[in-house]
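Novice: When the letters of the sequence shown are read in order and numbered with the UniProt record's numbering, they come out as residues 1 to 260.
Treat the hints loosely; a few may be bogus.
In silico DMTMM-like links for lysine to aspartate or glutamate, alpha-carbon gap of 20 Å or less [unchecked claim]:
#1 K247 with D237
#2 K155 with E143
#3 K234 with D251
#4 K155 with D183
#5 K234 with E250
#6 K155 with D214
#7 K247 with D214
#8 K155 with D144
#9 K247 with D235
#10 K155 with E250
#11 K155 with E165
#12 K234 with D214
For the record, the hints were derived by calculation from the structure and aren't laboratory data.
This one's a predicted model, so the numbers in the text were calculated from it and none came from an experiment.
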Amino acid sequence: MEAWENDQQRKSPVSDTLTTDQGRSLAYHLTPGDGPCIVFLGGLKSDMEGTKAVHLEAWARGRGHAFLRFDYSGHGESSGIFDEGAIGDWHQDTLAAVDRLTEGPLIVVGSSMGGWQALLLARARPGRIAGMVTIAAAPDFTEDGWWAGFDAGQKAQLAAEGRVELPSDYMEPYIVTRRMIEDGRNHLVLRAPLHLPFPVRFLQGTADTAVSVDTAVRLLNHATGPDMRLLLVKDADHRFSDETCLKIIEDAVIDVRGVG
């Protein structure tokens, strides 16, 4: 399973930074405005300069909405090495960004691995979330995608060497570490009750080769909440960033926000 994006835009002005309790330096852009603050959580090996993050920031600014985008450690302009990171590290980064940089209710938009991070955030800070939009959400992919897809030789290599190299449809080959797999097991969200007591819109392209429609349906069936909907977009791929898809994301944010 792959859960990342490579849709880059022109770089923004120099980012601000914050230092987490773990000593990691996170780059971010915070746009002031009316709440709830919209928080964008990017995908694996993506960064805050991706098409969706930059587009939504400009859209939010134009409507006077507060907006936060940031790079997890080992991503983009933040400190750290990607191959040394794991889901739990990026969850800590998300908590640091949200707790230190925002106040009050949030609208969380999570793309791919960022969808998993959005669900972890909802579990950790349930009182802060006013609405959620996920785009090709990839919960539990380290277990259900990577580990489940490894053959006996790859599992043996991971145990012996601590890492396995896998090809990517979107960029150069990347490394899956034993720590990534083991840490992922400590942050699974589809094995225990997952209550989302706020409006949620799951967006999924039918031509996505990284995250399947079956994954989206599984998430919809597993989670509970008063207002959850899954929107399938025919022929949309994992990037979900053409003009039509960006408008769908905007509409979903408006929908869960409840005001224009």
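Novice: Take the hints in turn and mark each one as holding or not.
Specialist: Hints and how they fare:
1. K247 with D237: Roughly 15 Å between the alpha carbons, so the hint for K247 and D237 holds.
2. K155 with E143: The hint holds at about 12 Å.
3. K234 with D251: Roughly 17 Å between the alpha carbons, so the hint for K234 and D251 holds.
4. K155 with D183: holds (16 Å)
5. K234 with E250: Given pair K234, E250 holds - Cα atoms ~18 Å apart, limit 20 Å.
6. K155 with D214: Violated. K155 to D214 sits at ~25 Å, over the 20 Å cutoff.
7. K247 with D214: At roughly 24 Å apart (the allowed maximum being 20 Å), D214 and K247 break the hint.
8. K155 with D144: Measuring from Cα to Cα gives roughly 14 Å; hence the hint holds.
9. K247 with D235: holds (15 Å)
10. K155 with E250: Distance ~41 Å between K155 and E250 Cα, so the pair is violated.
11. K155 with E165: Holds, at roughly 12 Å.
12. K234 with D214: holds (14 Å)
Figure legend: structure checked against the earlier numbered hints; hints not met, in rising order: 6, 7 and 10.
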